[in-house]
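Construct the complete structure from the given sequences, taking the supplied hints into account.
This is what each chain is made of:
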Amino acid sequence: MHQRPQRSLRDRILDPSETALAWALLTPALLFIAVIVAYPVSTLIINSFFDVRLARGLPVTFIGFDNYAAALADSMFWRAVRNTLIITFITVPGALVVGLGLAMLANMPFRFRSPIRLALLLPWALPLAFVGLIFAWFFHSEYGIINDLIRRFGGEPQIWFNSPGLTMMAICMATIWKTSSFMALILLAGLQTIPASLYEAAEVDGASKWTQFREITLPLLVPSMLVALIFRTLTAIQSFDIPFSMPGPGEESQTLAMYIQLNTVDYLDLGYGSTLAVFMFMLSMATTWVYLRYVRGDKD
Amino acid sequence: MSAGLNNFFTAKRLRWFAAAIVLLNGFFPAVWIFFTSLKGEIELTAKPITYWPQNPVLTNYIAAFRDQPLPGYLLNSAIVAILSMLLSLFISALAAYAIARLNLKRRNLILTGIIAVSMFPLVTLMVPLFEIMRGLNLLNSYVALVLPYTVLNLPICTLVLVSFFQDIPRDIENAAMIDGCTRMGALWHVVMPLAAPGVFTAGILAFVNSWDEFLLSMSMNAAENSSIGAAFEPTTR
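Just so you know, the sequences run in chain order A and B. Counted from 1, the first sequence has number 263 at position 263 by the numbering used here; the numbering is strictly sequential. Counted from 1, the second sequence has number 106 at position 106 by the numbering used here; the numbering is strictly sequential.
These are computed hints drawn from the structure, not numbers from a lab. Being a predicted model, the structure only gives us computed values, none of them experimental. Each residue gets a CB set at the ideal place from its N, CA and C atoms; glycine is no exception. It is possible that part of the hints are untrue.
[What the hints assert, rightly or not] Using 25 Å as the maximum straight-line C-alpha spacing, the simulated SDA-like pairs for lysine to any residue come out as follows: (1) B:LYS12 - A:THR217; (2) A:LYS209 - A:VAL97; (3) B:LYS12 - A:LEU191; (4) B:LYS105 - A:LEU21; (5) B:LYS47 - A:ALA38; (6) B:LYS12 - A:THR193; (7) B:LYS105 - A:TYR291; (8) B:LYS12 - A:MET104; (9) B:LYS105 - A:ALA38.
[Unchecked claim] Partner residues are not named here, just some residues of chain B that face chain A (Cβ under 10 Å, in silico): (10) LEU83; (11) ASN108; (12) ASP167.
So this is what it looks like as structure tokens:
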């Protein structure tokens, strides 16, 4: 019988098995996540089963699923969910299309690359809340550039933030502008890993630009696209800053994150806020699950 | 596409056209805000609106530097964003290498777990985070922001790096190891440079994520003796 040689402790530290090394490399990340996310999230889930209202003070009482039932019967909750889903379904594909366009334009062989790169980075680098403010100013009914342009072209100026529909439209435009550069950035990095020889070969075979795009660019971009889409969708579900800085009439354009913030921060109702956050978590979880079904584990 | 259009879109013109679109899209709002910042109060609310500042004034800038400690704010933001970017790049590079390359069961589950971090809105993590930092006596310190930002950046950094690491042929690092490199040596000397676009992308994303963040920085830097409620003071934007 073959006896496996006993490895000394020194050997095992200096030359660990691959699995042991893998876990060692994962440890810092997992440790950080445990302290900064796992603990707060468990507090959050526990809170969702309690009546925790800071304004009323201690003690808190266990109320089971009452918070959940309250949310399901709450029309403000459903409107917030609807608004969040509208923003997600419009801005995620919108940002993907605009971002892909920007990435391909920026990937052209320019002599002066840095201004192009800067132009691509800038919308991403501007804080969300700031973008919301800029676009709120753009859409201002009196002093905004949008209405000024509409007037110049003989159109009917709109009072954008007086109608829920127009407000949502303005919010979506601001969000797409802001987030398409994030898409473009990731897609550009993906585009640069596609070997130029593939295009040269296709050119020799007489493939049109459109065929090259469909047969080479798109399929090879799928991995980067999935990465970008997962994060864009998750941040869309959490939309807060832009809708918050571009408020419509009343609370018509409130998103789920705004409603959570309202309940937690303004009403100090941590129990109900936590419950809403659990709903948001379930929404995000479902989204990620759908995406990850398309991400393969290993390539070889 | 008609022949006329094809003629118009010669390679050179197309490139200029492309550059114009990208530049306009990226710079217009920022340039517009810069122009607006030079307008005095009267011009700001003039009708019809002016596109070019007629009487540029610096009053807004003087107010920002004199009445508000703007340089200090910028420095604080830069320090926090850079520290958390470096820390999250380091931690996520290790994790991404383990997930992309090493013999590991349930790698998808681990990756999902790391991604799951970004499913929790900061709004909801703030109360417990505030209490952790207060318990560790870290309020009003860079650490109180660097640690949460680092973790919030882990998902994006890890996922970007995993996908870049996977695209690098294994043979290259095997060759490096045959030449006497350790695994970590191969990661540092061979894999990381080849994944440079990914590392760069992840780094920028991490930096900007932290640079953007507002709510948490406000609550973590509240005065020691202020209540949680005061830390959550409604934000004027």
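We went through each hint and held it up to the structure:
| no. | hint | in the structure |
| --- | --- | --- |
| 1 | B:LYS12 - A:THR217 | holds, 22 Å |
| 2 | A:LYS209 - A:VAL97 | holds, 18 Å |
| 3 | B:LYS12 - A:LEU191 | holds, 21 Å |
| 4 | B:LYS105 - A:LEU21 | holds, 13 Å |
| 5 | B:LYS47 - A:ALA38 | violated, 54 Å |
| 6 | B:LYS12 - A:THR193 | holds, 24 Å |
| 7 | B:LYS105 - A:TYR291 | holds, 20 Å |
| 8 | B:LYS12 - A:MET104 | holds, 15 Å |
| 9 | B:LYS105 - A:ALA38 | holds, 22 Å |
| 10 | LEU83 | violated, 14 Å |
| 11 | ASN108 | holds, 5 Å |
| 12 | ASP167 | holds, 6 Å |
Hint violations for this structure: numbers 5 and 10, all remaining hints satisfied.
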